[in-house]
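**Q** Start from the sequences and build out the full structure, keeping to the hints where you can.
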Amino acid sequence: MGTSVFYFVAALSVFFSLMVIFSKNPVHSVLYLIVTFFTFTVHYILLNAQFLAVVNFIVYMGAIMVLFLFVLMLLNLNKENEPLKSNLVKIVGVIAGCCLIVTIMGSLKATSVSDPVVLTNPNLGLLKNLGKELFGPFMLPFELSSILLLTAMVGAVLLTKKEKV
Amino acid sequence: MDITFVIEKFILVTIIFAISLVIAMYSTYAERKVAAFLQDRLGPDRAGPFGMLQPLADGLKMFMKEEIIPTNSSKWLFMVGPGLAMLTACIGTAVIPWGSAITIGDRIVPLQVADINVGILYIFGVVSLGVYGVMIGGWASNNKYSLLSAIRAASQNISYEIAMGLSIIALLLVTNTMSLKEIVEQQHGWHWNVLYQPLGFIIFIVCSFAETNRAPFDLPECETELIGGYHTEYSSMKLGFYLFAEYINMFVSSAVMATLYFGGYNYPGMDWVLVHAGPVIGPLIGTVVFFMKIFTFIFFFMWVRWTIPRFRYDQLMHLGWKGLIPLAIANIIITGIVIAIIEKF
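Chains as they are written, first to last, in our numbering: chain A, 1203 to 1367; chain B, 1121 to 1465.
Worth flagging that the hints you see were computed from the coordinates, not collected in a lab. Quick caveat, the model's predicted, so the values are computed rather than measured.
Computed, partial: chain B to chain A, Cβ under 8 Å:
1. V1238
2. L1241
3. Y1242
4. F1244
5. S1248
6. V1251
7. L1267
8. A1270
9. I1271
10. A1274
11. M1298
Note that CB positions come from ideal geometry on N, CA and C, so glycine has one too.
**A** Take a look at the structure:
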């Protein structure tokens, strides 16, 4: 039961990710990306990680993708004003893509398969356990990553500020 | 999973769904009556006694109108928009505890569809998803005014979500849980959270006005600037869905406010009533009290709409980013300090 649900949702994830790339209209791409993120939320629920699922839901689907959509709607990109690419650029693109896939396959072949991870506590993803882990053994990395985010935020605000004359 | 459990939940979901639709329907009537009262008019009084059948007449009119889909719109998304608005408005009710558990025979029936341990975050996620209905509809209409309105809605929602989340964090410091059921149980009798978090409540209610696009923050449908806003191009029941979703949103956010800050189904003297009224009627009286709180909030929403003029867009952003967010952060810090001091002594 669990495995078949996983394969079904995973197939949906792959399908919608492909639709992100193949849609001509950028707004449609973003909408497909939102659906892809929704399938990720379902994956988290299947892994019994409720908190991660809801946070993924709020942050990615509810905030970041709204901003993406916002920017794309403002730019109003569509097929008519998309610059036509020459054949040379297309051929170069195909060759570069093939090179990338060969490199990825080579590196995947070289790495060894790790042992399957077995959680000592299957309820690790529930809110209380996750909080105890994050603010206990993983306190320092957690705080450091929050400082990193803060730095990025301050940097973004600084970039948008006009220089004082 | 036994079959009675499924039937029980199915009945509960159906009842809640029907109640939210009926309340949304009669909110349109109530809104016009409240407006009439505040402006010293009569309001609708022709359809049925006191105009009670007015919402039915309006609904019928919506269904009978011609359905128009603009030629240059993206047709599929144009249809998805109102449906999404309606869906996100309705699913918020799933985690709200409508009353304490009823005991029938030896079976305990909780009056809550799902008690998940991240209940508040679920509500928050549904709220943040609500803007997609407006954005998709506005963009798919292929109309500049609709697009402007969709963009306004998006930036307004994102701005006020932050202050809303921060005010909830202060509340969580007090309650120590994210499960709505436990939060309500903690507020037994008159220990309502609004007494511990008055500032947090004020921030939350202002933000929920902005999130439901109600006046004075109804900039996405500002008639004087944007014709009809994001639903300019919509007609028939698609327009009806957008209007309806707004009232359901209002109902859900009233229920959330009553749950988080005003004790849900708790009221002073409830223990005495529970003992005397029995295990079925007792909890149902609590539910009635809960609905009275919700109706008070809905009335408050309408009262504000017909009292305060609409904000200008820069004033809206100014209030959100420079007023409410610093205030909410200050509220978190003060709450944290007070809790630390109380635990120390």
